[in-house]
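Peer 1: Sequence:
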Amino acid sequence: MGQHVSLHYIDYGAPLRLAAERMDDRYAVSIVVRGRAELAVEGRRMELRPGRAAVVGPESGFLMRFSPDCRQFVLRLRSGFVAQLLGELLGGAPGEQAERPPRFAGAFDVARGPGATWLRVVHQLRDALEAESGVLGHPLLAADAERLVAGTLLMAAPHSETGSLLESRDRSTSAASPRAVRAAVDFLEAHPELPLTTDRVAREALVSVRTLQEGFRRHLGTTPMRYLREVRLRRVRGDLTTADPDRTTVAEIAARWGFVHFGRFSALYRERFGEAPSETLRAFGLGFEG
Numbered sequence: 001m002g003q004h005v006s007l008h009y010i011d012y013g014a015p016l017r018l019a020a021e022r023m024d025d026r027y028a029v030s031i032v033v034r035g036r037a038e039l040a041v042e043g044r045r046m047e048l049r050p051g052r053a054a055v056v057g058p059e060s061g062f063l064m065r066f067s068p069d070c071r072q073f074v075l076r077l078r079s080g081f082v083a084q085l086l087g088e089l090l091g092g093a094p095g096e097q098a099e100r101p102p103r104f105a106g107a108f109d110v111a112r113g114p115g116a117t118w119l120r121v122v123h124q125l126r127d128a129l130e131a132e133s134g135v136l137g138h139p140l141l142a143a144d145a146e147r148l149v150a151g152t153l154l155m156a157a158p159h160s161e162t163g164s165l166l167e168s169r170d171r172s173t174s175a176a177s178p179r180a181v182r183a184a185v186d187f188l189e190a191h192p193e194l195p196l197t198t199d200r201v202a203r204e205a206l207v208s209v210r211t212l213q214e215g216f217r218r219h220l221g222t223t224p225m226r227y228l229r230e231v232r233l234r235r236v237r238g239d240l241t242t243a244d245p246d247r248t249t250v251a252e253i254a255a256r257w258g259f260v261h262f263g264r265f266s267a268l269y270r271e272r273f274g275e276a277p278s279e280t281l282r283a284f285g286l287g288f289e290g
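Counting with full-length UniProt numbering, you get residues 1 to 290 for the letters of the sequence shown.
In short, the hints are calculated from the structure, not lab data.
If you anchor each label on the Cβ, the simulated ranges turn out as follows:
| hint | residue 1 | residue 2 | range |
| --- | --- | --- | --- |
| 1 | A190 | R270 | 19 to 29 Å |
| 2 | G274 | P50 | 45 to 55 Å |
| 3 | L63 | A116 | 25 to 35 Å |
| 4 | R179 | L141 | 25 to 35 Å |
| 5 | E47 | S168 | 26 to 36 Å |
| 6 | T241 | R126 | 46 to 56 Å |
| 7 | E38 | A111 | 13 to 23 Å |
| 8 | A111 | D246 | 37 to 47 Å |
| 9 | V260 | L220 | 23 to 33 Å |
| 10 | A128 | E230 | 43 to 53 Å |
Source: prediction; values computed, not measured.
Using N, Cα and C, we set each Cβ at its ideal position, and we do this for glycine too.
Put together the whole structure using the sequences plus the hints.
Peer 2: Put into structure tokens, the structure is as follows:
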């Protein structure tokens with residue numbers, strides 16, 4: 001692609017075990033498009049499949065095992081280039097490297113959210129290269145393409161400097177945009193059963209925690225965790241109204257939606273709906289009689 005970023009296709013056609021002590025001053029992003037692979041790095045094991053990608057840093061040794069049908073493409077990025085781009089994104093002068101190079105968390109989701117956005121960028125540039133049209137033949141355009149791929153990776157894949165990066169991006173605004181708040185709301189509505197934190201939701205919305213909290217306060221008059229609690233209460237009530245009271249308990253339904261302290265849950269439910277959850281279950285469960 002250029003001086004700092006390269007793209008490689010790998011299709012072994014047989015089971016394979018690959019080990020390396022370090023990545024020779026490059027980050028490597030493994031993107032499985034068929035089959036599966038298992039990656040072990042720094043004591044962590046991750047399964048890679050379509051929809052999941054992983055970043056291995058230059059300081060890390062790794063072990064990978066590939067299924068016979070595994071096909072992947074690997075993006076390799078020079079570590080100095082990534083550190084320089086991070087430094088600029090954090091507000092440094094052009095060419096100034098970040099004080100700390102990013103240490104990526106490992107695997108991340110490329111089927112939806114920020115990871116999917118980054119993967120679309122990669123696919124578009126890959127298609128342009130495969131077309132051999134010469135569109136990216138000019139060195140300046142190739143350099144811009146490299147910056148786009150590396151910059152969106154820094155925004156999409158969790159790493160040690162993600163918090164600082166989001167704070168820097170949001171420094172000029174006091175609240176998340178309606179679009180970011182909507183992205184967070186959509187995520188909360190889609191996954192209320194998960195053990196979510198404000199930090200996790202902020203990463204999904206590509207804003208800092210402080211910015212997300214201010215955005216929820218300004219646009220919704222609440223906080224992300226209170227909104228999540230409201231979603232969970234609505235899901236519990238929905239399940240209670242369709243459950244058979246002879247086969248299901250309130251505690252089972254509450255636990256299904258992330259409520260682990262039953263007494264606290266019961267108080268919240270009564271405050272929200274004006275009745276105990278057991279009353280809801282009994283009232284709507286009458287339809288199962290006879």
